[in-house]
Amino acid sequence: ELRWFFIAIALDMFAWGMGFGLLYGLLRKEYDFSTTQLGIMSAVSSVTWAITSLPIGRLIDRVGPKPVLILSEALAPPLMLVWMTQTRFEIFAASMIVFALTAATWVPARSVYVTQTVAPARRAEIFGRLSAFGGLLAFPSSYIGGWLYDNFGFYAPFVGNLFFALATLGVLIFLMPASHANQPALLGAE
1 ELRWFFIAIA LDMFAWGMGF GLLYGLLRKE YDFSTTQLGI MSAVSSVTWA
51 ITSLPIGRLI DRVGPKPVLI LSEALAPPLM LVWMTQTRFE IFAASMIVFA
101 LTAATWVPAR SVYVTQTVAP ARRAEIFGRL SAFGGLLAFP SSYIGGWLYD
151 NFGFYAPFVG NLFFALATLG VLIFLMPASH ANQPALLGAE
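Okay, so the sequence shown: first residue is 1 according to this note's numbering, each after it adds one.
Just so you know, the hints here were simulated from the structure itself, not pulled from any lab data.
Mixed in with the good hints, there may be bad ones.
Unchecked claim - What follows is a set of in silico ranges between Cβ atoms, one per label pair, in the way DEER data are often shown: (1) L54 <-> Y31: 19 to 25 Å; (2) R88 <-> F133: 23 to 29 Å; (3) I144 <-> T35: 23 to 29 Å; (4) D150 <-> R58: 42 to 48 Å.
Don't be surprised by glycine CBs; every beta carbon is placed ideally from N, CA and C.
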(Lines of atoms letter the chains of each structure in order from A and count residues from 1; the text may use other names and numbers.)
(Lines give C-alpha, C1' and ligand atoms only; values in the text may rest on other atoms or scores of the structure.)
Protein backbone atom coordinates (compact mmCIF):
# COMPACT_ATOMS: atom_id res chain seq x y z
CA GLU A 1 0.00 0.00 0.00
CA LEU A 2 2.92 2.37 0.56
CA ARG A 3 4.60 1.52 -2.77
CA TRP A 4 3.48 4.69 -4.59
CA PHE A 5 4.26 6.83 -1.56
CA PHE A 6 7.81 5.43 -1.52
CA ILE A 7 8.15 6.03 -5.27
CA ALA A 8 6.95 9.63 -4.88
CA ILE A 9 9.46 10.25 -2.09
CA ALA A 10 12.33 8.80 -4.17
CA LEU A 11 11.36 10.79 -7.28
CA ASP A 12 11.14 13.97 -5.22
CA MET A 13 14.57 13.40 -3.67
CA PHE A 14 16.02 12.68 -7.11
CA ALA A 15 14.43 15.80 -8.58
CA TRP A 16 15.69 18.19 -5.92
CA GLY A 17 19.16 16.63 -5.82
CA MET A 18 19.55 17.20 -9.54
CA GLY A 19 18.75 20.92 -9.51
CA PHE A 20 18.66 22.44 -6.05
CA GLY A 21 21.58 20.29 -4.91
CA LEU A 22 23.81 22.33 -7.23
CA LEU A 23 22.05 25.70 -7.13
CA TYR A 24 24.36 27.70 -4.87
CA GLY A 25 27.52 26.47 -6.59
CA LEU A 26 26.06 27.22 -10.00
CA LEU A 27 24.99 30.71 -8.93
CA ARG A 28 28.49 31.41 -7.65
CA LYS A 29 30.12 30.14 -10.84
CA GLU A 30 27.69 31.49 -13.46
CA TYR A 31 26.54 34.79 -11.94
CA ASP A 32 29.31 35.47 -9.41
CA PHE A 33 26.93 35.63 -6.46
CA SER A 34 28.86 36.42 -3.29
CA THR A 35 28.80 34.23 -0.22
CA THR A 36 26.86 37.01 1.50
CA GLN A 37 24.23 36.88 -1.23
CA LEU A 38 24.02 33.09 -0.92
CA GLY A 39 23.70 33.53 2.84
CA ILE A 40 20.83 35.98 2.33
CA MET A 41 19.10 33.45 0.09
CA SER A 42 19.49 30.77 2.75
CA ALA A 43 18.21 33.15 5.44
CA VAL A 44 15.12 34.01 3.35
CA SER A 45 14.42 30.29 3.03
CA SER A 46 14.90 29.63 6.76
CA VAL A 47 12.73 32.54 7.89
CA THR A 48 9.97 31.63 5.45
CA TRP A 49 9.99 28.00 6.59
CA ALA A 50 9.82 29.05 10.25
CA ILE A 51 7.02 31.59 9.76
CA THR A 52 4.86 29.28 7.65
CA SER A 53 5.28 26.08 9.68
CA LEU A 54 2.36 26.62 12.07
CA PRO A 55 -0.24 27.61 9.45
CA ILE A 56 0.90 24.78 7.20
CA GLY A 57 0.57 22.32 10.08
CA ARG A 58 -2.98 23.54 10.62
CA LEU A 59 -3.69 23.17 6.91
CA ILE A 60 -2.49 19.56 6.97
CA ASP A 61 -4.70 18.87 9.99
CA ARG A 62 -7.66 20.32 8.11
CA VAL A 63 -7.26 18.81 4.62
CA GLY A 64 -4.96 15.84 5.18
CA PRO A 65 -1.46 15.14 3.93
CA LYS A 66 -2.08 14.10 0.31
CA PRO A 67 -3.45 17.47 -0.94
CA VAL A 68 -0.57 19.26 0.79
CA LEU A 69 2.00 16.92 -0.76
CA ILE A 70 0.43 17.70 -4.14
CA LEU A 71 0.54 21.44 -3.41
CA SER A 72 4.17 21.16 -2.36
CA GLU A 73 5.22 19.41 -5.55
CA ALA A 74 3.09 21.74 -7.70
CA LEU A 75 5.28 24.64 -6.54
CA ALA A 76 8.35 23.05 -8.14
CA PRO A 77 7.61 23.66 -11.87
CA PRO A 78 7.20 27.45 -11.58
CA LEU A 79 10.24 27.59 -9.31
CA MET A 80 12.33 25.65 -11.85
CA LEU A 81 11.19 28.01 -14.60
CA VAL A 82 12.38 30.97 -12.51
CA TRP A 83 15.73 29.34 -11.83
CA MET A 84 16.19 28.46 -15.52
CA THR A 85 15.41 31.91 -16.85
CA GLN A 86 16.52 34.52 -14.32
CA THR A 87 19.92 35.98 -13.49
CA ARG A 88 19.28 38.68 -10.87
CA PHE A 89 20.08 38.11 -7.22
CA GLU A 90 16.85 39.73 -6.03
CA ILE A 91 14.76 37.28 -8.03
CA PHE A 92 16.71 34.30 -6.75
CA ALA A 93 16.40 35.59 -3.17
CA ALA A 94 12.63 36.00 -3.60
CA SER A 95 12.42 32.52 -5.13
CA MET A 96 13.70 31.13 -1.84
CA ILE A 97 10.27 31.97 -0.39
CA VAL A 98 8.69 29.51 -2.82
CA PHE A 99 11.45 26.98 -2.22
CA ALA A 100 10.88 27.21 1.55
CA LEU A 101 7.16 26.65 1.02
CA THR A 102 7.91 23.44 -0.87
CA ALA A 103 9.91 22.15 2.08
CA ALA A 104 7.59 23.54 4.76
CA THR A 105 4.65 21.74 3.18
CA TRP A 106 6.44 18.53 2.14
CA VAL A 107 8.18 17.57 5.39
CA PRO A 108 5.21 17.62 7.80
CA ALA A 109 2.76 16.24 5.21
CA ARG A 110 5.10 13.31 4.58
CA SER A 111 5.31 12.59 8.31
CA VAL A 112 1.55 12.85 8.79
CA TYR A 113 0.96 10.52 5.84
CA VAL A 114 3.11 7.85 7.49
CA THR A 115 1.51 8.48 10.89
CA GLN A 116 -1.99 8.08 9.46
CA THR A 117 -1.15 5.05 7.33
CA VAL A 118 1.22 2.91 9.41
CA ALA A 119 0.63 1.29 12.80
CA PRO A 120 2.61 2.91 15.64
CA ALA A 121 4.80 -0.16 16.14
CA ARG A 122 6.12 0.12 12.55
CA ARG A 123 6.41 3.89 12.03
CA ALA A 124 10.09 4.28 12.92
CA GLU A 125 10.93 1.37 10.61
CA ILE A 126 8.96 2.97 7.77
CA PHE A 127 10.69 6.33 8.29
CA GLY A 128 14.02 4.50 8.16
CA ARG A 129 13.00 2.66 5.01
CA LEU A 130 11.88 5.93 3.40
CA SER A 131 15.25 7.54 4.08
CA ALA A 132 17.20 4.51 2.89
CA PHE A 133 15.07 3.87 -0.21
CA GLY A 134 14.95 7.50 -1.28
CA GLY A 135 18.61 8.09 -0.53
CA LEU A 136 19.80 5.03 -2.43
CA LEU A 137 17.74 5.87 -5.50
CA ALA A 138 18.50 9.59 -5.38
CA PHE A 139 22.24 9.56 -4.64
CA PRO A 140 23.34 9.86 -8.30
CA SER A 141 21.06 12.84 -8.96
CA SER A 142 23.58 15.57 -8.11
CA TYR A 143 26.20 13.83 -10.24
CA ILE A 144 23.73 13.67 -13.13
CA GLY A 145 22.83 17.32 -12.56
CA GLY A 146 26.53 18.22 -12.68
CA TRP A 147 26.98 16.23 -15.88
CA LEU A 148 23.98 18.00 -17.42
CA TYR A 149 25.45 21.36 -16.47
CA ASP A 150 28.89 20.49 -17.87
CA ASN A 151 27.41 19.32 -21.17
CA PHE A 152 24.36 21.54 -21.69
CA GLY A 153 24.67 24.61 -19.48
CA PHE A 154 23.09 26.28 -16.48
CA TYR A 155 19.46 25.48 -17.23
CA ALA A 156 19.96 21.72 -17.82
CA PRO A 157 19.96 20.48 -14.18
CA PHE A 158 16.77 22.45 -13.61
CA VAL A 159 15.13 20.86 -16.65
CA GLY A 160 15.93 17.50 -15.03
CA ASN A 161 14.58 18.76 -11.70
CA LEU A 162 11.43 19.91 -13.49
CA PHE A 163 10.96 16.58 -15.29
CA PHE A 164 11.24 14.52 -12.10
CA ALA A 165 9.07 16.98 -10.15
CA LEU A 166 6.35 16.54 -12.77
CA ALA A 167 6.73 12.75 -12.53
CA THR A 168 6.41 13.02 -8.74
CA LEU A 169 3.33 15.17 -9.13
CA GLY A 170 1.76 12.56 -11.42
CA VAL A 171 2.42 9.78 -8.90
CA LEU A 172 0.96 11.87 -6.07
CA ILE A 173 -2.19 12.80 -7.98
CA PHE A 174 -2.97 9.60 -9.83
CA LEU A 175 -1.32 6.66 -8.08
CA MET A 176 -0.76 7.32 -4.38
CA PRO A 177 -3.80 6.58 -2.21
CA ALA A 178 -5.00 9.00 0.44
CA SER A 179 -3.95 8.30 4.01
CA HIS A 180 -6.22 6.54 6.48
CA ALA A 181 -6.95 9.36 8.88
CA ASN A 182 -9.09 8.31 11.82
CA GLN A 183 -9.34 4.71 10.65
CA PRO A 184 -8.38 1.86 13.00
CA ALA A 185 -7.11 -0.50 10.26
CA LEU A 186 -3.53 0.68 9.88
CA LEU A 187 -0.77 -1.13 8.00
CA GLY A 188 0.91 -3.54 10.37
CA ALA A 189 -1.74 -3.26 13.09
CA GLU A 190 -2.21 -6.47 14.97
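(request) Check each numbered hint against the structure and report the violated ones by number, ascending. (result) Structure breaks hints 1, 2.
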